[in-house]
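Chemist: In order, the protein sequences belong to chains F and L.
Taking my numbering, the leading residue of the first sequence gets 418, the next gets one more, and so forth.
Taking my numbering, the leading residue of the second sequence gets 58, the next gets one more, and so forth.
For the record, the hints were derived by calculation from the structure and aren't laboratory data.
Any given hint could be a false lead.
[What the hints assert, rightly or not] Heads up, simulated DSS-like pairs for lysine-lysine below, C-alpha to C-alpha not over 25 angstroms straight-line:
no., chain 1, residue 1, chain 2, residue 2
1, F, Lys936, L, Lys172
2, F, Lys549, L, Lys114
3, L, Lys114, F, Lys561
4, F, Lys936, F, Lys654
5, L, Lys178, F, Lys542
6, L, Lys178, F, Lys958
7, F, Lys811, F, Lys849
8, L, Lys172, F, Lys943
All of these numbers come straight from a predicted model, not from anything done at the bench.
This is what each chain is made of:
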Amino acid sequence: MSTLENSWRRSDLKSEPKVGVYICHCGTNIAGVIDVEALRAYTEGLPNVAVAKTYTYMCSEPGQQLIKKDIREKKLNRIIVAACTPSLHEPTFRKVLEEESLSPYLFEMANIREQNTWVHIQTPKEALELAKDQVRIALARAEKLEELHPKEVKIGRNALIIGGGIAGISAALDLANAGFNVHLIEKSPTIGGRMAQLDKTFPTMDCSSCILTPKMVEAGRHPNIKLITYAEVKDVKGYIGNFKVKVLKKPRYVDEKKCTGCDECTKVCPVEVPDEFNAGLSWRKAIYIPFPQAVPPAYVLDDKNCLGLTPLACAKCKEVCEPEAISYDQYPTEINLDVDTIIVASGYEPYNPVFDEEYNYGVYKNVLTALEMERMLNAAGPTSGRIVRPSDLKQPKRIVYVQCVGSRNERRNVYCSRICCMYAAKQARQLKEKHPDMEVYVFYIDVRAFGKGFEEFYEKTCREYGVQFIRGRIAEINEDPETKNLAVKAEDTLLGRPVELEADIVVLSVGITPSQDTKAIQNVLKIPVGADGFFLEAHPKLRPVDTTVDGIFVCGTSAGPKDIPDTVSQARAAASGATALMATGRYLIQPYFATVDEPLCGGCGICVPLCPFNAITLEERLAKINEALCKGCGVCAAACPATAIKANHFTNEQIISQIESALSR
Amino acid sequence: MPETFEPYVVGFLCNWCGYAGADLAGTSRIQYPPNLRAIRLMCSGRVDPTFILTALKRGADGVLVVGCHPGDCHYINGNLRTERRIVFLKKMLSDLGLDYRRVRLEWISAGEGEKFATVVKEFVEEIRELGPNPIEGNANET
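This is chain F alone, in the form it adopts within the complex (with noise of 0.2 angstroms):
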């Protein structure tokens, strides 16, 4: 026990609860819809409220100073606050009641903001009858509320991070040096992410393989990281310094630590599949590294397209391999880690605009998508860096780029993917770089150059580089059969004209989707995903990398669409989250568990195989309940068909009289 709760004030709960109820105006947004002045007459009226005001901010200072002198001075036990959400100042208040020595469980909130006076602006009558009856639930709630104990769990130092992208190696790289142990899980055979991909950055130029290289072998190296790659994250069960993570690692069939890299195995391997990493421009033989500097520096053996992995079909590449590194004998593996903390880096999936019909994306050889074109531009990309049409490898004139492929349309995605507009203007860039007297035309629906020094690149990509920003949607698209060139018609809106151009090569600024994952990881740990598809953080602005479930955080594009700046900033953010629970070494869990009322229970069973957490047992015909294994949901006592489980802090009599009070009008 901590000595907190130690400390607080055993008050006499079977006395008559002394409620006091504070109002909140927060400023006009709830005391602009209704009278608050009308609620408060009205809920100093009702039994047992001893107190009940008024203030403009009650989450303020003066505000929480105003409950503390009443609880002191009235000898309140019970303490109502009546303003926004739980999910917002529930801690806030708590840790009031604290201070005063009352247990923080003696209080409950009155959402009248989000569920209330900001969705009914336009009836404020209904509002304030309903503020009314929201006051008395809560009230009907706050008599029956019980002093709860909190339950204290060790923090240990390790942390677990999914998704090897920049974000992921940034959390990693920070947690690290802190000296927490980190566990950084990667999916495909190298970390890097989408960063690697990319040949340079907006707006500084920045090559990206030069900045994120460093970064990635400095994250391979450090003694304080484990590197698993080629894995997913299968199962997670437990809680915050208490995670129990299934890790599946697929079969490399290139041993790490022998394979020198030599490359002598891709020579003779007879299978070509796309190159994933050239966003299919070239091919790559089944056994493979990414890219040259992946990380670790070792081949991979892709077993869905190896001829066999057995002499009997092939194994060229084994009887090459003078380190004898390859090896066939190799199954799926399971490794099993405790954890405190987990960071989610799952990053994003280019939008995939093989749908978008006016395009004719994969129909026309010559409509690329925009990582494509970076992987032409890249040096080491499928044509060295020289643009070519991919339908007759000749150099083209005049290249145009649609924006907003996937993004601000309400049949695909309504979101804006935040990178598209930087990236066009700086592809274009390049490309008058590399040749001056190319075309680049750009059409738009707005600019958005929003971030630090982007307006002042996208006017000089205008001015200095000659580029020609058109705002108007492409119309239609159509190739001539013989000469593979694309007619574009569009509309200027700025000149209220129709625009017809003729382009080499249609470059399709696709947007930012969830990735692939992202399901599959929200099933595995229980966080929510927004209506966009993306990770829901705790509170959009003030708790933008945590997610609801504590000691789980969010950052990057798993969490929306992002830029590299923006994904290493939350990516730090989310490393000092995890940072800040776990240097206490200890952290304190909702006593929301539920207990057997021994007298009443029959034995009969019945919640044993519901509870989802498998936390009961029966033991000598009584239910028993694992503390440490109960979350609280509560499904086990609404089956109990004696009653006698217990919901802790949402027990039938305080559920039932709030209903009773909802309905006794």
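Given chain F, work out where chain L should sit, using these hints.
Modeler: Chain L alone, transformed into the frame defined by chain F:
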């Protein structure tokens, strides 16, 4: 049916999805009718059918239960437990002569503020058509 009938709906919202979705409707200022009285629970699986029956007995015109989408439940599968219970409960209500449409179970995620508002709007309209709870009156005395 009196012309001034305003449905009175009791809602059981799970903390992680339903309640958070309602909060998002708030932060997004999506307006919906003020007929819902919400009670927050940790999981929709906490909803004991007795709660719903108590609400109906005490005169609620409708009861809305909101949980996470299947597969998204913060407690793995608590929402599916409640789904099973509500299927049985609805059948029982029909047997008792009460329209089963007075009880509705919905899956609304923390990101679906818009859906929350729509669901409340539609449910209130449906209850408005069904009319006041017929067991109101004599129930409050017992």
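Chemist: Next, verify each hint and record whether it holds.
Modeler: Hints versus structure:
1. F:Lys936 x L:Lys172: holds, 20 angstroms
2. F:Lys549 x L:Lys114: With Cα atoms ~22 angstroms apart, Lys549 (chain F) and Lys114 (chain L) stay inside 25 angstroms; holds.
3. L:Lys114 x F:Lys561: holds, 22 angstroms
4. F:Lys936 x F:Lys654: holds, 17 angstroms
5. L:Lys178 x F:Lys542: Distance of about 18 angstroms is within 25 angstroms: holds.
6. L:Lys178 x F:Lys958: Cα-Cα ~29 angstroms, so violated.
7. F:Lys811 x F:Lys849: holds, 17 angstroms
8. L:Lys172 x F:Lys943: holds, 21 angstroms
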